[in-house]
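A.B. asks: This is what each chain is made of:
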Amino acid sequence: MTPDQQQKALEVSRTTTFAGFAKEAGVRVVGNTGKGILERAQVAGRACLLFYQAMGYLSQAGRAYPMILKQIEFIGFGSLVVLSLISGLTGMIMAVQMGATLEDYGALNTLGGLISVTFCRELGPIWAAVIILARVGSAMAAELGTMAVNEEVDALRSMSIDPVRYLVMPRIIALIIAMPILTLIADFVGILGGAMISSATFGITVSSFFESATDSQFLAYSDVIGGLVKSVFFACLIGTIACDQGLHTSDGAEGVGKSTTRTVVLSVIFVLLMDLFLTTFVQLAMKRVF
Amino acid sequence: MTGTTDNQQWTRQEMERGWPLDPVPEGKQVLMRIRDLNKRFGPRHILRGIDLDIYKGETLVILGGSGSGKTTLIRHILGFLVADAGSVKVGELDLNLATAAELEHYRKRLGVVFQMAALLNSLTVLENVGLPLIEVDHLPLDQVRTRVIAALKAVFLPAEEILQLKPASLSGGMRKRVGIARAIVQKPEIILYDEPTTGLDPVTVNGVNELTLEIQRTMGVTSIVITHDLSAAFMIADRIAMLYKGRLIAVGTKDQIRANPHPVLQQMLTGSTTGPLTEGYGK
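Those sequence lines, one after another, are chains A and B. Counted from 1, the first sequence has number 217 at position 217 by the working numbering; the numbering is strictly sequential. Positions in the second sequence are counted from 1; adding 290 to them yields the working numbering.
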């Protein structure tokens, strides 16, 4: 058999026999999985480096304050209504769901405490992160992505202006400032929503609801501070992922769309992973301190 | 595949042969030395051994069809890309080996006019043109304003009227002029034009070309213009370099380029649809 014939026979066996097909499919699956893992590891490493570089410009944050204020306005005020609505509704739903069960056990007086601890530890920071990543993270990725494909980022670099200092650092700082404030608002509005529905449905007065909500048996300082610490970590994560995806956009409008989608998907995954890590280790450690 | 001119058959090897480096003419000073510059992106060999000297104070036009490597070459000159082999030297500074601080310092000597002007849409004309003065030179705002107005007037724009406008409310030609004003506001030594006349109407194209010449005359800068616009090239160039498949196949004055029988150059000059530049296209 000549080499050409051998090659042809190999091609035929590859495409026509089940063993050949299975082997090729297996190789393709393993190859694609490995490639996917390597690519994601590369993106994660690149994002870590971007965050490190952005924090290296922290000393110049004072000069960037107009940009930081503009970003805080966009992040904070723009997200306030949606976040309040979602937190308030969640507080109300929780009060209805938990109140019905607690009423059966004659433990309605603990409803305020349970809702407050749930919000301060978990729901406040998570809702704030979800709203910010969906509304602000995607917008940041789209804005920076559009700048990248329009050569605006190259223009900055050609003027000796580091895009990390000019574009990334102010956005991450603004997120770090705005997120804990939004988290506190989410906590308060969620508890308030719970109080209102408890008063209307179960006849618990707002004052006794808040008495239970702030009872030290349920809510400790560590819960509130732990939630705020989480929100700062989430801010860093969302800002870094959004800026990294935005700055590495290519292929025009289609690329901008892909970067935006990837920002939301990656942010959701990493926020939840970080939440698990922080809840397990950091919050437990803080409980020991306080 | 061979190319044909009046009395010569060209083989593929002959057509893709790189242009040997010309000796530096008397009285000329070399500003930038590009030697054996090679760049690959995966399997694609984009730049294949570019050798070129850029003289101080000249306007060099780099001509080439789509995919010839023009943008990759300009990104090397800007120090955005690191070469796989070879070097780009400006004075004693090798851009491949330069530190971030050295590159930052080098880029202060450059002004760049991007294809679509690349103005920041969220900023006004004043902030766009004044950006390097504010962010890099840290000048006070009154000085920035004065310098911006001077730069806008130098590109024949009604400075006071457009200072507070955003780029979206300007025409394509005005955006391009604002882009040029931003490139000259720091009084650079070298100005890079990346396809400056793309997408403009013929009158605006002439306006931009005249402006390029005017800046060259008044500021005495070294201009490197990347384009595939032949009329613009012959209007503004002191020398023309032709890129084809990642190689410089001809470098010379306008007359030398016109007289060069290379089939690629002749096809570019005549605008013929048959020839090496359109090899493999649908016909």
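None of these hints come from the bench; they were simulated from the model. Just to be clear, a hint being listed does not mean it is correct.
[Unchecked claim] Here are the simulated lysine to aspartate or glutamate pairs, DMTMM-like style, with alpha carbons at most 25 Å apart: (1) B:LYS456 x A:GLU143; (2) B:LYS360 x A:GLU73; (3) B:LYS456 x A:ASP104; (4) B:LYS477 x A:GLU73; (5) A:LYS70 x B:GLU306; (6) B:LYS456 x A:ASP4; (7) B:LYS535 x A:ASP251; (8) B:LYS544 x B:ASP384.
[Stated by the list, open to error] If you want the footprint, here are the derived chain B segments under chain A, 3+ residues with CB under 8 Å: (9) 333 to 344; (10) 408 to 419.
[As the list claims (entries may be wrong)] Short derived list, chain B residues pointing at chain A, Cβ under 10 Å: (11) LEU311; (12) LEU368; (13) LEU387; (14) PRO422; (15) HIS428; (16) PRO430; (17) ASP484; (18) PHE524.
In this text, a Cβ means the ideal position worked out from N, Cα and C, and glycines have one as well.
A.B. asks: All hints are to be evaluated individually against the structure, with a verdict given for each.
C.D. replies: Going down the list of hints, with the structure as the test:
Between LYS456 of chain B and GLU143 of chain A the alpha-carbon distance is near 16 Å, which keeps this suggested pair within the 25 Å criterion. Pair hint LYS360 of chain B plus GLU73 of chain A does not hold up; C-alpha atoms about 42 Å apart against a cutoff of 25 Å. In summary, the hint linking LYS456 of chain B to ASP104 of chain A is not supported, as the alpha carbons are separated by about 63 Å, beyond the 25 Å threshold. Pair hint LYS477 of chain B plus GLU73 of chain A does not hold up; C-alpha atoms about 36 Å apart against a cutoff of 25 Å.
For the suggested pair LYS70 of chain A and GLU306 of chain B, the alpha carbons sit about 54 Å apart, so the restraint of at most 25 Å is broken. The straight-line distance between the Cα atoms of LYS456 of chain B and ASP4 of chain A is roughly 64 Å, outside the 25 Å bound, and the hint therefore fails. A threshold of 25 Å between alpha carbons decides the hint, and for LYS535 of chain B with ASP251 of chain A the separation of about 22 Å falls inside it, so the pair holds. This hinted pair does not check out: LYS544 of chain B and ASP384 of chain B have alpha carbons roughly 30 Å apart, beyond 25 Å.
Look at the segment 333 to 344 of chain B against chain A: 0 of its residues bring a Cβ nearer than 8 Å to a Cβ of that chain, fewer than three, so the hint is violated. Note: the segment 408 to 419 of chain B has 4 residues with beta-carbon separation from chain A under 8 Å; the three-residue rule is met and the coverage holds. The criterion of a C-beta within 10 Å of any C-beta in chain A is not met by LEU311 of chain B, whose closest approach is roughly 27 Å, and the hint is violated. Among the interface hints, the one on LEU368 of chain B holds; its C-beta lies about 6 Å from the nearest C-beta in chain A, closer than the 10 Å criterion.
With a cut of 10 Å, the hint placing LEU387 of chain B at the interface with chain A is violated, because the nearest CB-to-CB distance is about 18 Å. Interface hint at PRO422 of chain B: satisfied, since its Cβ lies 4 Å from the closest Cβ of chain A, which is below the 10 Å cut-off. Of the supplied interface hints, the one on HIS428 of chain B holds, with its beta-carbon coming within about 8 Å of a beta-carbon of chain A, less than 10 Å. Interface restraint check for PRO430 of chain B: the shortest CB-CB distance to chain A comes to about 13 Å, outside 10 Å, so the restraint is violated.
Taking 10 Å as the C-beta contact cut-off toward chain A, the hint placing ASP484 of chain B at the interface holds, the least distance being around 8 Å. With a least beta-carbon distance of about 26 Å to chain A, the hint placing PHE524 of chain B at the interface is violated under the 10 Å criterion.
Violated hints, in rising order: 2, 3, 4, 5, 6, 8, 9, 11, 13, 16 and 18; the structure is consistent with all others.
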